[in-house]
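J.: Sequence:
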Amino acid sequence: MMSAIWQFIKKHEFWFLTAICIGFYIAHVKTDDALFANIGFVIFMVAGLRLSMHPMWKKDEQAEDE
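Add 207 to the 1-based position in the sequence shown for my numbering, that's all there is to it.
A couple of the hints might just be wrong.
[Claimed, not checked] Derived SDA-like pairs: lysine to any residue, alpha-carbon spacing no greater than 25 Å straight-line:
no., residue 1, residue 2
1, Lys237, Ile250
2, Lys218, Met252
3, Lys218, Val236
4, Lys218, Ile246
By construction, these hints were calculated from the structure, which means they are not laboratory data.
Between the sequences and the hints, there should be enough to build the whole structure, so can you do that?
T.: This is the structure:
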């Protein structure tokens, strides 16, 4: 069961981390604590970097090399 959950999280990692980021933003608005916004920003940056390194972008580069 845990393996299936982990595979789901890895498959939809960007959206999972985006949902966490949105949750931190809502927590920031409700509590007015900047810590939540900073953590959310870091998570969003990590998600964006992970998405930019996704293999689907490398397919275009491989096609240009050939």
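J.: Confirm or reject each hint.
T.: Status of the hints after comparison with the structure:
Distance check on the hinted pair: Lys237 and Ile250 sit about 19 Å apart at the alpha-carbon level, within 25 Å; holds. Pair hint Lys218 plus Met252 holds up; C-alpha atoms about 18 Å apart against a cutoff of 25 Å. Distance hint between Lys218 and Val236 is unfulfilled; the C-alpha atoms sit about 30 Å from each other, more than 25 Å. With a C-alpha separation of about 22 Å, the suggested pair Lys218 and Ile246 falls inside the 25 Å cut-off, and the hint holds.
Hint 3 alone, counting from the list given before, is not met by this structure.
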